[in-house]
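These protein sequences, in sequence, are chains A and B. In my numbering, each number is its position in the first sequence, counted from 1, plus 56. In my numbering, each number is its position in the second sequence, counted from 1, plus 140.
Because the hints were derived from the structure by calculation, they are not lab data. The structure displayed is predicted, hence computed values, not measured ones. Backbone N, C-alpha and C define an ideal beta-carbon position, used for all residues, glycine too. There's no promise every hint is true.
Chain B stretches covered by chain A per the calculated footprint, using a threshold of three residues with CB under 8 Å from any CB of chain A [to be verified]:
(1) 234-246
(2) 285-295
No farther apart than 25 Å at their CA atoms in a straight line, the calculated lysine to any residue pairs in the SDA-like style are these [claimed, not checked]:
(3) Lys192(B) <-> Gly280(B)
(4) Lys136(A) <-> Asp217(B)
(5) Lys188(B) <-> Arg141(A)
(6) Lys185(B) <-> Gly76(A)
(7) Lys136(A) <-> Leu272(B)
(8) Lys185(B) <-> Val143(A)
(9) Lys136(A) <-> Ala94(A)
(10) Lys136(A) <-> Ala196(B)
(11) Lys136(A) <-> Glu89(A)
(12) Lys185(B) <-> Leu64(A)
(13) Lys236(B) <-> Ser121(A)
(14) Lys188(B) <-> Ser150(A)
(15) Lys185(B) <-> Leu139(A)
(16) Lys185(B) <-> Leu63(A)
(17) Lys185(B) <-> Ala196(B)
(18) Lys185(B) <-> Lys136(A)
(19) Lys188(B) <-> Leu139(A)
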Amino acid sequence: MIINHPLLGPRDASEFTYLGDASLINRPDWQAEDAADAFYEYGYLRDNPAGEHQELWYHEAGDRSWLVVTRDTTTHEISKVELARDVARARGRSK
Amino acid sequence: MHDLVAITALGGSEPQVDTVGGVTCREVPGAALASAAARMGQETKASKALAKLIGAPAPGIGQHAGDTVTAFWAGPDQWMIEAPFDTHEELTDQVKSALGDTASVTEQTDGWTRFDLNGDQIPAVLELLSMLDLRNIDAGSVARCSIHHIGCFVLCRSDEAFSIYGPRSSAGSLHHAIVTAMRSAL
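Assemble the whole structure, with the sequences as input and the hints as a guide.
Right, dumping it as structure tokens:
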């Protein structure tokens, strides 16, 4: 499998490590009233879709950037690769 | 007063030199290193300050630039800065005073060791060592890659001169990998 790194171009998947669902970017507010429930869901509950899936990959043997890879779990086709920081900032994180 | 004897990363009193065929691998203990990571919102200011320090535009993705003090790209808005240790032992302080609050600067000198490859068949060696796309690497290129599972920076200074930075604690393993590849390829 080849991941088309947005900065470095196509790199072999063996240079990367996989973390999981990119929803991990959406860390709940720890001060919210329902923080305990929100963190339970954040920590333990995942969707397991057959089809398009956004996931976090880490370019460990490369520039050490975190990527959000949109991959079809049934075909392994990768339709989109973005820097995780760009995705996170677009969602209003790191302000 | 302590009376300590300086040794190189490979443990010798003199840097190790290995020549196989037309390629020489030379241990280089005399490099000072610092890393700089631009702080959020300060990326442009940091790269301008870095440009002033190295006397050249801050290196872009997969590039290095500079003369005596050089910088190479390590990641998005992150650079490693290298200079001769003899004249720039205080490199980290110099980088910090140049970049100020635009970046976080960390001393890296003792974390890394450097091997310089010189010769006309270096690509044959690197092909065995790494997965780098060597056709896209020319003078001025830098790539981070794994060499025998060791995370390294490979700098191409010219067609016949490459530098490899690897973690100092794995200097022996990295040296073994390089020399074994040289013996196989050349």
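Hints, verified against the model:
no., hint, result
1, 234-246, "violated (count 0)"
2, 285-295, "holds (count 3)"
3, Lys192(B) <-> Gly280(B), "18 Å, holds"
4, Lys136(A) <-> Asp217(B), "22 Å, holds"
5, Lys188(B) <-> Arg141(A), "22 Å, holds"
6, Lys185(B) <-> Gly76(A), "35 Å, violated"
7, Lys136(A) <-> Leu272(B), "23 Å, holds"
8, Lys185(B) <-> Val143(A), "23 Å, holds"
9, Lys136(A) <-> Ala94(A), "28 Å, violated"
10, Lys136(A) <-> Ala196(B), "34 Å, violated"
11, Lys136(A) <-> Glu89(A), "36 Å, violated"
12, Lys185(B) <-> Leu64(A), "24 Å, holds"
13, Lys236(B) <-> Ser121(A), "24 Å, holds"
14, Lys188(B) <-> Ser150(A), "23 Å, holds"
15, Lys185(B) <-> Leu139(A), "22 Å, holds"
16, Lys185(B) <-> Leu63(A), "21 Å, holds"
17, Lys185(B) <-> Ala196(B), "15 Å, holds"
18, Lys185(B) <-> Lys136(A), "31 Å, violated"
19, Lys188(B) <-> Leu139(A), "23 Å, holds"
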